[in-house]
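Heads up: the sequence shown begins at 1 in UniProt numbering, then just goes up one per residue.
Hints were generated in silico from the structure; no laboratory data involved. It is possible that some hints are incorrect.
[Said to hold, decoys possible] Straight-line C-alpha distance at most 25 Å; calculated SDA-like pairs for lysine to any residue: (1) Lys-76 - Asp-86; (2) Lys-76 - Ile-88; (3) Lys-76 - Arg-120; (4) Lys-76 - Ala-47; (5) Lys-76 - Gln-66; (6) Lys-76 - Ala-61; (7) Lys-76 - Glu-130; (8) Lys-76 - Gln-90; (9) Lys-76 - Gly-89; (10) Lys-76 - Tyr-64; (11) Lys-76 - Val-121; (12) Lys-76 - Ser-62; (13) Lys-76 - Val-87.
[To be verified] Per label pair, the in silico range of CB-to-CB distance: (14) Arg-112 - Ala-72: 31 to 39 Å; (15) Glu-74 - Ala-35: 31 to 39 Å; (16) Arg-40 - Gln-66: 29 to 37 Å; (17) Thr-119 - Ala-35: 56 to 64 Å; (18) Gly-89 - His-51: 52 to 60 Å; (19) Gly-89 - Arg-67: 26 to 34 Å; (20) Thr-131 - Gly-105: 18 to 26 Å.
Backbone N, C-alpha and C fix where the C-beta goes; we use that ideal spot for every residue, glycine too.
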Amino acid sequence: MEAANSPLLDHGELVGVVHCVKEVSESSQLLAEVAREVERGDSWDPAELLHTLEAVSAVEASLYAQRQESLALENKQLMRAIETRDVIGQAKGVLMERFNIDAGGAFGLLTRLSQQTNTRVEQIARTLVETKRPPRSA
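Please put together the full structure from these sequences, using the hints given.
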């Protein structure tokens, strides 16, 4: 974030300071701007420069934490999807063997049962896989 302070005057008398904060898509943009100003010879108060660098550091830390959290959530979702896909595949195999149907037919059975019972396909598949029933006799 980029911040700027502007004096708030009333009849020429300072009555406050307006602190404006502007989102910066990349904190590196702010650092580049600071570097350009320093190269031009603009003087920076050391305290102001330190404050700016601390703000950039805080933004970077926050963005890093958000990215880490997002990646952890995505990883969890992908692991869940893999587990769900595996269980559904096993259930399709059970249905294919028991009813002598192809994979599409087995998935169709699972989805129809899901819609009719208002139960997630994954839960139906898990129940089917965990049910201990002997295979149908030949």
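Inset, instruction - List, from low to high, the hint numbers that the structure doesn't satisfy. - result: Those not satisfied come down to hint 4.
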